[in-house]
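**Q** Note that the protein sequences, when read in sequence, are chains A and B.
Quick note on numbering: the first sequence equals residues 1 to 259 in the numbering used here.
Quick note on numbering: the second sequence equals residues 1001 to 1406 in the numbering used here.
None of these hints come from the bench; they were simulated from the model.
It is possible that some hints are incorrect.
As the list claims (entries may be wrong) - No more than 30 Å apart at the CA atoms, straight line, and that leaves these computed lysine-lysine pairs for DSSO-like:
(1) B:Lys1223 / A:Lys163
(2) B:Lys1223 / A:Lys203
(3) B:Lys1223 / A:Lys197
(4) B:Lys1385 / A:Lys248
(5) B:Lys1117 / A:Lys50
(6) B:Lys1117 / A:Lys84
(7) A:Lys197 / A:Lys96
(8) A:Lys248 / B:Lys1379
(9) B:Lys1340 / A:Lys188
(10) A:Lys203 / B:Lys1379
(11) B:Lys1227 / A:Lys228
(12) A:Lys197 / B:Lys1117
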Amino acid sequence: MNILVLLKMVPDIVEELEIGSDGTSLDLDAVRPIVSERDDHALEQALLLKERCGGSVTVLAIESRDVDEVLFTALAKGCDRALKVSGAGAALTSAKAAALLARTLPGIPNLMPVDLVLTGCQAIDDLDGVVAPSLAERLHLPYLGIVTAVDVPAGALKATVLKEFAAGVRGQYGVCLPAVLGVQAAEKPPRYVPVAKVRAAMKARTIEEVPAGAMDEASLLSVAAMTKPEAVGRAEMLEGDPEAVAAKVVEILSARGLV
Amino acid sequence: MASTMPVLAGDTPTLTLDNLLESPRGRDLQSCIQCGICAGTCPYGDAMDFPPRRIIGMLRAGMIEEVLTSDSLLHCVTCYACMAKCPRGLRLTEVLLPLVKEQVFARLPAVPAELQKALTNTLRYGNPMGESARKRAAWAASAAPPVRVLAADPRPVDVLWFVECYTAYHPRGQDNCRATAKVFQALGVDFAILGSEEKCAGECARLAGETGLFETLADYNLKTFGKYSFDRIVTSGAHAYDAFRHEYPALGLERPVEHTTPFFAGRLEQLKPLLTRKLGYTVTYHDSCALGRHNGMYEEPRNLLKAIPGVKLVEMVHNRINAICCGGGGGGMWLDTFFKAKGLERLADRRVKEAVATGADVLAVSCPYEVSRFEDSVKVLGYEKQMVVRDVVELLAEAMEGSGTP
């Protein structure tokens, strides 16, 4: 079972987001990148599968600020190989990132074919979840998203995949391998790796740099404008001591028939 | 922005479990008489499969693996009770338990979720709550007097005030911040803070077994100290004080360090005329483990409290060396759910019950963990109308109100 996990960095929204001077993009100097949470779950799911089924886990990310630390952390957690795609240029759209990956993956030595490609089903800058299905389409592989568990019974050519729907409904699917899966949540929360192990990985392991494949896609979409949410002042602020505020809350809720 | 993980100091720990028994401090363990006082005085000793006495016995018998794969030491809240009472003077909480705990931590099948979150946050944001690093000095906007931040005004300063995480971010800690700034000013102390350049001192990460995280933070903080000219560090964090006094010197810290409470106690004569407002409180003081048992500062906070007009000081059954830990040390701050799942009483609850039994209406503290921990217990146990939790410095500042100082 050889698994490829795709990781990407997204803006860490612990800090306020700022609009760049061009008015159409985020000011990336004002935010610090963090690994996309769902990609981190995809990595955990891959490690759980490796523990159950054996095989190897390769992590790959497109070059971006602070990504080395994330790749070394993945190695420290138990990944076998870390790859960084360089020369892709800045700020790719999700569709372009998928196209770039599809062009780049086949040329990486000793990588493809893998049995599974796991990545997050969404990211905070890709709420449509475009990357994984676009990549699957370009690689001519099946895709399942909103995945919450994956198992590959010994010797099977299919993976058993749990996919989540609304209202707590889950569907169990069999999917032929190789396949691309968009992970919503791993079966367990992502594991902790002690800092000392990450430091050891930084000393003893290497990140392989692979050149980005040629890009000749013309983008059909462009961002017209980006603005911060505007305060409209329709909120009613309740003021006074706790008893008075509580009485007001009860009054509002009962006036609307909620209590 | 700098990477959070420079490959620098601390790659070669000098003392490990493997070489422990060959080291002078480790050889002391051979002198353990297996009396069991450590196990008896440990607040969670009855919940451990292997309390300290048995760990030493097993270590000497070569049964290391059994110790390391048990979660016994996750119960250790590093309260220094075993070390303070060991008749052989063994440095249990300083030497043995952290070394064992580091190995236990590395072998945990899964780190308890709250602890994992706190450690991950501390590495990334420099504080366990996961708050914005840029907002670390946000409290200063509401402080009177204005507080100097060294990045904006790097002139040499006497006191580098290391605020620490819970003081800087927790709303009740911020009350302590404003109070501390006020007392500093009233005493004419030349002080400044690091603001968003400050990161957690890392002591609780170290004592939770996350040594690498401690080393990363210490490395960062020492480099930051090196950017500025100051005469001494005064910190609001009892655990930060512990780290700066006992751990950072070996890593290169050469400046004197004080905690705010003893710092102010040392200026009591100067303070007394400023304490003009009569408070009318009956106060009981909780000895923080780091200040009390580990550093012997039992009287300094009490002297401050006794100097406040209208404060009647009463003692809990367990006080000074016998004080019961709030349960927040050594990672315990983020293990409440873990302890609860095991059916254990929250140590802060045990302590607040004792405090209420004294008849006091104020529980005074000097460690920033304690305000939040004890306030939770006061609410959960239903003593909200009987007792409030206040930092000693908050009480000092309150007693200065109307005294003519701003």
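**Q** Run through the hints listed earlier and report the numbers of any the structure violates, in increasing order.
**A** The structure conflicts with hints 1, 7, 10 and 11, although it agrees with all the remaining ones.
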